[in-house]
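**Student:** Per my numbering, the sequence shown starts with residue 1, numbered consecutively.
FYI, nobody ran anything at the bench for these hints, they're computed from the structure.
Any given hint could be a false lead.
[Stated by the list, open to error] Straight-line distance between alpha carbons at most 20 Å, and here's what the computed DMTMM-like set of lysine to aspartate or glutamate pairs gives: (1) Lys114 to Asp225; (2) Lys55 to Glu123; (3) Lys304 to Asp186; (4) Lys198 to Glu150; (5) Lys258 to Glu215; (6) Lys138 to Glu215; (7) Lys55 to Asp158; (8) Lys272 to Glu237; (9) Lys258 to Glu280; (10) Lys272 to Glu17; (11) Lys304 to Glu95; (12) Lys138 to Glu117; (13) Lys138 to Glu237; (14) Lys304 to Glu28; (15) Lys163 to Glu123; (16) Lys198 to Glu180; (17) Lys163 to Glu180; (18) Lys272 to Asp236; (19) Lys198 to Asp158; (20) Lys304 to Asp225; (21) Lys198 to Glu285; (22) Lys55 to Glu95; (23) Lys55 to Asp186; (24) Lys258 to Glu285; (25) Lys55 to Glu17; (26) Lys163 to Asp186; (27) Lys114 to Asp129; (28) Lys55 to Glu30; (29) Lys138 to Glu123; (30) Lys163 to Asp129; (31) Lys55 to Glu28; (32) Lys13 to Glu28; (33) Lys55 to Glu84; (34) Lys114 to Glu84; (35) Lys304 to Glu84; (36) Lys272 to Glu285; (37) Lys138 to Glu92; (38) Lys198 to Glu160; (39) Lys198 to Glu123; (40) Lys304 to Glu150.
Note that the coordinates shown come from a computational prediction; the quantities given were computed from them, not determined experimentally.
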Amino acid sequence: MITITTLGTGSGKPTPERNVSCTTVFREGELILFDCGEGTQVQLTRARLRPGAIKIICITHFHGDHINGLPGLLGTLQLNQRTEPLYLIGPEGLERYVRTLARLGVVGMRYPLKFIEVTRPGEVYRCQDFSITADRLKHRITCWGYRLTEPDRPGRFDVEAAKAAGVPPGPLFGRLQRGETLTLDDGTVVTPDQVMGKARPGLSLAYCCDTQPCEGVQRLAQGVDVLMHEGTYAPDEGRMAHQRGHSTMADAARAALKAGASRLIITHVSPKYTRTDGFERAVREIFPHTRIARDLDVFEMAYKH
């Protein structure tokens, strides 16, 4: 499964109740960070997540509550004698920002940094196990949302069907699972579709923060298992939210409903709200599968069988 941990769920500035924006996605022993607000290092420690497991950091935009934790985290990775490459994905100017910090001696760069600056919507990262795409959000400055998508996984291997087809247990089972067609010693041809179930969909997650309602959110969130969407303002404060380039919690719920998402996690909550349980009840009337996240909440994304 994939595990989501909300390290920071507040907006603007840290408060005793909420740190600022950072969410981690843990899969196959690796961490992907979405945003890196002030205090991210401390929150990683509190969540018992290992900084050395971070593979990718995706930055949405250059407002401080989304990036001010990055210099300290990069420095800590240097102190920890990291040698593995770290991918930094974000708006144009991200590389210049980090290299300026390095020239000033704020961070060390003795481990490989791979910069991917987003200049247009589309795929920004791909490996064998997943891809990351970006799309434009609607905020006061250039801001990008991200979607993590896993490819479909092979169907379940039917051991009994393979034996019935005359395939002996052992390496030939593995070849069938990898999609190879076998010709047995007696001339029998066994194809993968004879012994493999239907392909199972991989998991998907969209992260949209900061933004007011826009088409970019809908494209990223279409059919996702989890949509993480900002809900800076209360459900009834739409005018203020949109004037400031943000969304209400109700906007987030409507986005999830329209996109056909399975679950909604609301984050980036204004520091003026110390209680959100009433808001959550109201938003669930629009989209029932909603949670307003708190710091250090953990959400599990399980594979469909």
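**Student:** Taking the earlier hints as the rules, which of them does this structure contradict?
**Tutor:** 1, 3, 7, 11, 15, 21, 23, 25, 30, 32, 35, 36, 39
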